[in-house]
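Fit chain B to the supplied structure of chain A, relying on the hints for placement.
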Amino acid sequence: MSSNERALQQSSISRVLRAGAGLLALAAASYALSFVRLGAFALAVALAIAALKALVVLWVFMQFGRVPASAKLAALAAFFMLALMLSLMAADVASREAAPVPPAAAATRSP
Amino acid sequence: MNSVRHAAQFQSLAQQDHATRLGMWVFLGSELLLFAGLFALYAAGRVAHPAAFHEGVAHAEKSIGSLNTAVLLTSSTTVALAVESLRRERRAAAVTLLSITIALGAAFFCLKLAEYGAHFRAGIYPGGAGSFFVSHGTPGLPLFWTLYFVTTGLHAVHVCVGLGVLGLSAQAIARGKMGGERAYVLENAALYWHLVDLIWIFLWPLYYLA
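Listed in order, the protein sequences are those of chains A and B.
FYI, the numbering used here numbers position 76 of the first sequence as 77, with every residue one higher than the one before it.
FYI, the numbering used here numbers position 129 of the second sequence as 161, with every residue one higher than the one before it.
Everything labelled a hint here was simulated from the structure, so no lab data went into it.
These numbers were taken from a predicted model, which means no experiment stands behind them.
Ideal placement from N, C-alpha and C gives every residue a C-beta, glycine not left out.
Heads up, some of the hints might be wrong.
What follows is a set of in silico ranges between Cβ atoms, one per label pair, in the way DEER data are often shown [unchecked claim]: (1) A/L85 / B/H91: 29 to 39 Å; (2) B/V79 / A/L59: 23 to 33 Å; (3) B/V166 / A/L59: 36 to 46 Å; (4) A/R16 / B/Q43: 32 to 42 Å; (5) B/Q43 / A/A70: 17 to 27 Å.
Computed from the model, here is a short list of chain A residues facing chain B with C-beta under 8 Å [stated by the list, open to error]: (6) I14; (7) V17; (8) Y32; (9) A33; (10) L44; (11) L48; (12) A51; (13) A75; (14) M86; (15) M90.
Chain A on its own, in the form it takes in the complex:
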C-alpha cells in the first residue's frame, strides 16, 4: 500500500469519526432546545436539525455521492414520490371543509 493510499484511508476513518461526533452534538443541541420555549417554531427547529443529521448520514455514512448514477436515480425517484405524496396530502388537508349537516339531522336539531 502506498503512503498516499494509507493517508486516504486514514482520512476516511477520521471523516466517519468526525461525522459521528457531529451527529451526537446535533442530537444534544436538539435535546437542549426542546427545553426552550420556542412556541410555534419548536417543531420546525427540531425538524431542521433532524434534516441536517439526515444529510450527514446520507453523505458521509451512506456515501451517496459515490453510489452509481443508476442507484442515485432510484433514490431520487423515491424522494420525488415522497414529495408528491406529501404535497398531495398537504393539499388535501388544507382544502378540507367541515362536512355539511344532512337536512334530516338538521331538522331534528332545530327546536
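Below, chain B without anything else, positioned relative to chain A:
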C-alpha cells in the same frame, strides 16, 4: 484470500457489484415510502389535532427516547467504521465493530421494550384503549398514541431485521467467507442499518421533542 467469483447471470464481479448496489437503493427507496405513509398520517393528524399531539409528546418517555437516539447514532458510526475496516482487510477490527453495533442495536431494542412497558403501566395502549384515555379525553390523543405504537413498532421490527443481517455479516467475516473483495455485501447491510437510523432521526423530534 478467497477467490471471488461472480454469479452466472453476471458478466463480471464489477457488474454484480453494481447490480447489488442498485437493488439495495431501490429497496431503500421502497422502505422510505413505507414509512412516508406513516409520517403523512402524523402530519395530517397533527394539523387536525394540534393540542392532542402536544399533549401526547408531553407524555412521551423523553429520556429513554433521547438515550436511544444517542445509541442509534453511535451504532451507525460503528457500522460505518466496520465497513472501512473490511475494505482494508482488517477483518478482526470489522468483526469487533460489528459486535459493538449489534450490542448497541440490542440495547436500543431493550430500551424500546422498557418504554412500551412504562406506557402500558400508565394505561396507554394502541387504539385509545386503557385507563389513560379515561382521564385524558382530548380528541385526537388516541390517534397520536396509535400512530406512535404503529410507527415505532414498525421501526423496532426493522431494528431486529438489521441485527440479524449484521449478525450474519459478522459471522461470514469471522469465518473467512467475506473479505475486502466482498465488502459491498457488508456495505449493503450497513446501508440498511443507516436507513433504520435515518427513520429514527425523524421519529425522535416528532414523538418525543416538539
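Do the hints match the structure? See the list:
At roughly 34 Å, the beta carbons of A/L85 and B/H91 sit within the given window of 29 to 39 Å. Take B/V79 and A/L59: their Cβ atoms lie about 27 Å apart, and the range 23 to 33 Å holds. For the pair B/V166 and A/L59, the supplied restraint of 36 to 46 Å holds, since their beta-carbon distance comes to about 44 Å. Distance hint for A/R16 and B/Q43: a CB-CB separation of about 34 Å, consistent with the stated range 32 to 42 Å.
Between B/Q43 and A/A70 the Cβ separation comes to about 19 Å, which falls inside the hinted range of 17 to 27 Å. A hinted interface residue such as A/I14 counts as satisfied when its beta carbon comes closer than 8 Å to some beta carbon of chain B; here the least separation is about 5 Å, so the hint holds. Annotation: A/V17 was flagged as interfacial toward chain B, and the flag holds, the nearest CB pair being 5 Å apart, inside 8 Å. Taking 8 Å as the C-beta contact cut-off toward chain B, the hint placing A/Y32 at the interface holds, the least distance being around 5 Å.
For A/A33, the shortest C-beta to C-beta distance to chain B is roughly 10 Å, which exceeds 8 Å, and the interface hint is violated. Given hint, A/L44 at the interface with chain B, holds; its Cβ is 4 Å from that chain's nearest Cβ, closer than 8 Å. Interface restraint check for A/L48: the shortest CB-CB distance to chain B comes to about 6 Å, inside 8 Å, so the restraint holds. Checking A/A51 against chain B by beta carbon gives a least distance of about 5 Å; that is within 8 Å, so the hint holds.
Contact between A/A75 and chain B, as hinted, is supported at the beta carbon level, the nearest pair being about 5 Å apart and thus within 8 Å. The interface hint given for A/M86 is met, as the beta carbon of that residue sits about 6 Å from the closest beta carbon of chain B, less than 8 Å. For A/M90, the suggested interface contact is upheld, since its CB lies about 5 Å from the closest CB of chain B, less than 8 Å.
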